[in-house]
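Undergrad: Residue numbers (my numbering), protein chains in the order written: chain A, 1 to 471; chain B, 1001 to 1113.
Hints are computed from structural coordinates only; laboratory data are not their basis. Please note that the accuracy of each hint is not assured.
Taking lysine-lysine and the DSSO-like style, the derived pairs with C-alpha atoms no more than 30 Å apart in a straight line are [said to hold, decoys possible]: (1) A/K321 <-> B/K1042; (2) A/K321 <-> B/K1086; (3) A/K374 <-> B/K1086; (4) B/K1084 <-> A/K374; (5) B/K1042 <-> B/K1002.
Which bits of chain B does chain A cover? Going by a derived footprint, with three or more residues having C-beta under 8 Å, they are [said to hold, decoys possible]: (6) 1017-1027; (7) 1050-1059; (8) 1064-1070; (9) 1094-1104.
Bear in mind that the values here come from a model prediction, so they are computed numbers and not experimental data. Glycine included, C-beta positions come from ideal geometry on N, C-alpha and C.
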Amino acid sequence: MKPTFVQEINGTLTLLQEYRQLLQKSMEEQPDDVQCRDVLDRLPLLENKLAQILQGFEFQVEFDLLRDTAMLLARAVDEDQVLSAILEGLKKAIPYDAAGIFLIRDDPDKGGATILAQKVLGYPKALLAYDRFRQKVDEGILGWVIRNAEGEIVDDVLADSRYIMAREETRSEIAVPIISKGDVVGCINMEADKKGAFRPDSLRLLENLASYAAIALDRTKENRQLVAAREIRRELEIARQIQINLLPHTAPRMTGYDIAGRNVPSTEVGGDYYDFISINSSDLGLVIADVAGKGIAAGLVMSGLRGALRARVEATYSISKLVEDVNRFLVESTGAERFVTGFYGVLHYPSGRLTYVNAGHNPPFLLSANGEVKWLTRCGPLLGVIPAAVYGQEFVDLTPGSILVMYTDGIVEAGGEAGEEYGEERVVQLVESLKGESAKVIARAIDREAVEFNRSRGELDDRTVIVVKRA
Amino acid sequence: MKLKSERHGTVVVIELKGKIMGGPDSTIFRDELKSHLDAGIKKVIVDLGKVDWMNSSGLGILIGGLTTVKNEDGEMKLARVTEKIKSLLMITKLVQVFDSYDSVESAIASFAK
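All chains should be modelled from the sequences, with the hints used to inform the complete structure.
TA: Encoded structure:
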């Protein structure tokens, strides 16, 4: 096999040493040989020069390896490429017979964390079969290196009590930990068939490479997390679409009435619910409800509520009984902390009479043409908590020119987290000032004003508004 | 939300402070309740005097707490309910469900009857 540059230089140094011995012997025989003395004196210079060249070369090899690895790290997305390049490149810089990059994995069925070979060169194939190259994280030289977060050279593995044999031929070993964000996540390990094959200098090079390996591993983990996050966002978007379909697409039209509804969830999926239920040609069911909490969990309860309510509307004549049934359904299907506040009313178009049950919800108000404000309160507790709750019903008449406004607490509690709440009074004043506008404009204005009032002083809740104007 | 417990004989007074908004607060409160219930304390008073603000999720915490205590044959009462919470309890009609007292002392005394 062709000798490497290092071997040639070392060979030359050895030759020079033999040459020195010859010259010294010659000097003993002929002490006055000036030329001989001269060459002998210059020999150290030659040896130093050669040693420098060797050092420079080794330094260059290390430097090239580090630079190439860094460049690869900058380009490569695949951690595998980087780890392979590190192992291959190492061969030129530090001769070895077997090397591997190992990572710590959580292995509950192996009794805890283990070290698993991620990339290896030179180990017998049999060892790489599933079970064989896993060892417990606290065993062996690798275990020591990981536990102490420090590199280690072992000149004679057979004399070291920590050693666990993975490869029969190994006599010396060098290993450094891979440290990512302050934690030891694995190690780089090299083994040689002869004793004392590794020098302390090599530790420094290995440690630099270990930090590149750490970066490559981090990047892969982050990419995986990004992909997972994207998946979740996609699912949320789908859930949002499903939920949008559960809410009214258009408001009901009836001569003499102007009706509008508006819902803005605070996250992709919200816990507010509103509905217009066409009971028959002269009766309209109006629903507004707020599931405690936000997000998917609240959204799921909201769908259940919608289903339960709509299913019973046709079959149940009495509004009170309907609400009592829905309450029992919610008690059974949600946990102790989950509750729903809701308002359900039936508007009889011809007379303008609204018969309703308020189940613990923020009281809607009716603004009459003469400026009077009536709050639709009373009736019963919130839904989903008290199994046998009883609900009474009330009624109010929407006289010509009156405006009925229903809302959820996302509107009136806006701003509350940081100080003053938007409050019911402001909603009333706003509606009074916009009396002449359409229901749609009024609904939108109520939401806009509440959001403006909150002005990023806190998180906004889900917000819903229903406006019913009678001409 | 910050939480502080004090035992007064067979009654425990849990003082809540700050903003109660649901989320992690709920686990904190529930765990605290459980630790007292496990120790055999069945009389709980929740002191809300230092609560800055509570929204509907926060209300859920109190409701959940009441259910937890009731399931262990205990009783939970509220003390020093602020205006905001009082109006929440009124709207939701939970005034029927929760016993509230103006001071911690009167709440403790009510257990003696």
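Undergrad: Against this structure, judge whether each hint is valid.
TA: Now the hints, each set against the structure:
Distance restraint check for A/K321 and B/K1042: the Cα-Cα separation of roughly 36 Å exceeds the 30 Å cut-off, and the hinted pair is therefore not satisfied. Between A/K321 and B/K1086 the CA atoms are separated by roughly 28 Å; this keeps the pair inside 30 Å, and the hint holds. For the hint linking A/K374 to B/K1086, the alpha-carbon distance of about 21 Å falls within 30 Å, and the restraint holds. Restraint check for B/K1084 and A/K374: the C-alpha separation of about 21 Å stays at or below 30 Å, so the hint holds.
Annotation: proposed proximity of B/K1042 to B/K1002 holds, straight-line Cα distance about 22 Å (limit 30 Å). Look at the stretch 1017-1027 of chain B against chain A: 4 of its residues bring a Cβ nearer than 8 Å to a Cβ of that chain, three or more, so the hint holds. Evaluation of the coverage hint for the stretch 1050-1059 of chain B: fulfilled, as 5 residues show C-beta separations to chain A shorter than 8 Å, against a requirement of three. Under a criterion of three residues with beta carbons nearer than 8 Å to beta carbons of chain A, the stated coverage of the stretch 1064-1070 of chain B is upheld, 3 such residues being counted.
Residues of the stretch 1094-1104 of chain B with a Cβ under 8 Å from some Cβ of chain A number 3, which satisfies the need for three, so the listed coverage holds.
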